[in-house]
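Colleague: Chains A and B, in that order, are what the protein sequence lines are. The first sequence runs contiguously to residue 207 in my numbering. The second sequence runs contiguously to residue 1100 in my numbering.
Some hints here could point you the wrong way.
[What the hints assert, rightly or not] Result set (DSBU-like, lysine-lysine): computed pairs, CA atoms no more than 30 Å apart in a straight line:
1) A:Lys23 <-> B:Lys1084
2) B:Lys1081 <-> A:Lys23
3) B:Lys1050 <-> A:Lys5
If you're looking for bench data, these hints aren't it; they were derived computationally from the structure. This structure is a prediction, so every number in the text was calculated from the model and none was measured.
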Amino acid sequence: MKEEKDYIRDITEIRSMMERSSKFRLLSGWAGITAGLLALLGAFFAYYVLDFNPGGELQISGIIPLNSQVVKVLLLATIVLVSAFSTALYFSYRKATERGEKIWTPITRRLLTSMFIPMVTGGVLIFALLLNGLIGLAAPMTLVFYGLGLFAAGSHTLAEVRFLGLVEIVLGLAAIFMVEYSLYIWAAGFGLAHIIYGIYIYIKYEK
Amino acid sequence: MIPTEGLHKAFESRVRLGIMSALAVNEMLDFNSLKEYLDITDGNLASHIKALEKEQFIGVEKSFIGKKPNTRYFMTSAGKKAFKSHLDALEKFLESNRKY
């Protein structure tokens, strides 16, 4: 017959198994910090080198020329997104190797699906906005849809991701009403918020 | 006082309890995922799965991914009921013991 301490261990085991088999646990604080730094770098580059600032310019008329500033900024944003995602992947991969775990699991697939459905939806919408010359709404919308993606993904990983998602959504919605500040708000959301989140995760779980 | 009501003998093994816990939060899991979570050998896992299958607590779904066979497991409603009453009994037991 089992004793009390056995039952307590049973419960601990059940809880840990549910957690282990339903949450993605390979997120690294460094991924957040790097993504934040890359975003800040991108925002600086857009502002100082490409001289980009929507500055209240909600809409431009006519078709956007291919070599225009908008297209360059779009290209820059894509580079920032891809490199941030790649570094996040690298840090997760490293963590998985350290722990001897696999990275491609049903949980990972669920996490990515939840994240990408809102993000791809947003991407298409933003593309349509740009085609119609509504450039001022692009930066706020990236925040909103990225936030929705994080919020959805948050149920498959650390609860902090969900909170970060909410922060991005709020910043994005605020930026819609203050388009003239949207580049700064974008830098705060993708840059500052990521760095603070990353440091918090690092201190709480990895130090 | 050791409770017997609600506790199921099938869940006395921690591996079986682990299988049920993982299936409680995942609609379906394949053999390899279960093996990875529990960190046990193929033979060991297979025998515990068989025992739970015999109790009709878990079901099997066989399919193919390309040409590779893929066996996935899920919790049956009987399994859900038994697991829940097992958890309730554990909870009740620990609660009643706290009073002493």
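Colleague: Which hint numbers doesn't this structure obey?
Modeller: none
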